[in-house]
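Undergrad: I would like the entire structure built from these sequences, with the hints used as guidance.
Take a look at the letters that make up each chain.
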Amino acid sequence: MRQLSRAAVLLGVLVSLAGSPALGATPQVVLTVSEVPVGDQGTVATGALEISSDTDLAGTSFTASNLVSGPNLIPAQALTFDPSSLIDVTAGSTYTVGIAVQIPPVQPLGTYTGTVMASDGAVQTFVAVSVVVNNRPTLVVPGPQTVAAGSTLSFNISGTDADGQPVALGVRFLPEGAELIDHGNGIGTFTYRPEPEAAGLNVTLIFFAFNRTDVGVPPQDAREVPISVTAPNAGSIAQMITDLIARVGSFNLRRGIEQSLTVKLQQALQSVGRANRAAACGQLTAFVNEVGAQSGKALSTAQAAVLNAGAGEILAALPCV
Amino acid sequence: MSRSLAAVLIIAVSAFAFRPEPGFAGRSNNNETPRQANAILFQPCAFELESVSGPLKTLADSQHYTYTEYTNTVAPRPDGTSPATLDAFATLGNGGIVMIAAHGVTDRLLVECYPKSDAGRAARDARLQRLCDGTDQPGGVRLNCPTDVWRFSGVQEVVGAGGEVRSDPTDFGIGLSKAGIRKLFSPAAHTILVMGACNSFALRDAFPATIEYFGYTQTCLKQSIVKDAEKLFQRLVGTAFDGKAREVGSDGAILPNIPDGSCTAFGRGGFTKILRHAGPGNTTVAPIVAWIGVTDSCGGGDQAFTPRDKTFSQFGDANPVKGTVTFDTAMDTTRDPATVLTRGDDNGCQIELKNVMWVGNRQITFDIVLRQPGTFDLKVHKELALSQHNQRELDGNQDPRPFVSNGVGPNRDDYVAKNRCGS
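Residue numbers (numbering that gives the first Met the number 0), protein chains in the order written: chain A, 0 to 320; chain B, 0 to 422.
Accuracy of the hints is not assured; some may be wrong.
[Unchecked claim] Partial selection, computed: residues in chain A whose CB lies under 10 Å from chain B:
id	residue
1	A57
2	D87
3	L168
4	E175
5	A177
6	H182
7	G183
8	G187
9	G199
FYI, nobody ran anything at the bench for these hints, they're computed from the structure. Virtual Cβ for every residue (Gly too), placed ideally from N, Cα, C.
TA: So, in structure tokens, the structure goes:
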């Protein structure tokens, strides 16, 4: 319901003229709502009107009616305009007039509608105005995060709405390897696995929460999470090898080939656990050699490319020379 | 629900109070133009974000700036545009007015975008590899990976098979950090930079404090970027507020900056509430005869040219009429003032101008000797009344609406004042 009301005000321009100028044709005055005031309880919701005319208008003032939503009301006195003084509208120019609505702390939620009148004393022009009262959700995110390149960072974010409305969670900009899943229950899971070459990357991501039923221009709570990617460590390298073992397993290769490849990776994993980099490098190199030998045979070229890329990342992360 | 979530970009409502913090500069009539006379639009992700071409071109045409557009589109590239790449980004420092439309976050800006496809990803990765190993050096600058430049993507929500809402890349992109931006793009003083990217106000410190910077504090709506640009540019060229709000306005000493209600391009407000400005504020795109005594709501005011619309009865060398014209912008004072300001086409009074001289870099004073009754014009010549820093011509009062509209675009029109000599 709230969506429809807002859309109607944004898309439809309601202009009516009453009275007439002293001389000549009736001026064509266009009064529109360019930004709908939307705000939380106990805050000032701000929006904007635009007015233009094909005739000069001297000393134009703005007044509002009460705004109503069912049995509830925002009194006209709660609306103020900027500038508050009279303005002269010159033909051909578009003037912006700010609207500020002081929303009481206990104002019931809803879309309140009324009218704003612009008048220069002779010409009166009206436009329908809506004010949306709706508390934005609150978003909780963790503090700054650090992740070793090659390992996986995962944390939850949560949004709650005091009005009990369902919450949507979002993000608009992510590094390669990152993802946010909104489970639909106010909880979102962020995962990020930076590639080994991302060591040294520092980025601040911005998550936000808004009411799921809102579209267009909903209020939101936005929070930043700085993330630092450090150099690969034994743990992240072990995870990369474990992931590569799983990838080999996912290809449904002939048992002998799969075992041969897996054994080499398991040996490399053990070497990493013993901090024996030289051995790990040797075992991974043997893995790469076998993948090369089986490419186009037991392994498709695409499978071989995937495995080589994975092994290459690990060799770079160790690093092997 | 899913379509709504996927299709809509989100805008936030600022929590800042509606009325301004006190102490901002407001109007100064002591302006400078950008250092270059060209306008550049850079939109690397136009194939997904849609083009914002239009408002800046209109400004450039109105005030006679050369116009350059770097656009990445899926369809054939629009005529006259070039690819938006890091190499193009490295040329933006040559722009006097620059608009960028891209994905952003508080410390990164997407500068190269590739379509969301395997080919796009491969092209992006290959390009990044060349940047990282130094094979490709945009503008001759070696960028470091990942501290200067790295893989990022714009994101939108899509509904997964299990009904969960998953963030999904809308492109494969290359993003610059603030350090990377500084290496490639160092705008000159009074450059007007409109950053049409979400969260881009936080990138302000990647640029010199001497530029006029516009950016968004939160996630933004792409349609709002176009509307905000149209509004800002219409004021800068004087087609809004009768040419009285051409100064950028609103000093940026205190962050976050919000419109101060004064009759200036930003100060007059009405923009998306999460648009912010920071910069010196005293920047115009071309000079005009100054408006003085204008109210905050852009009402009233007078044009700083005397005499204008006056009748005189003092004749002869012993009784000259004193005259002045004050411009709102620093002018090129190497031009002979006696050629910048002359008699107009109508010289029924047989006037003679004497002692025509520059006073400072914004004012010409002169004496008028009247010889006989009649009427006379005084003219400021558009092609000689030029801004000091980028040689933009006067925006006078002859086009549009001769003698009615002062400082209303287009520029390259004379300013003419009419007067009368009595008997």
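Undergrad: Hint by hint, which ones does this structure get wrong, listed from lowest number up?
TA: none
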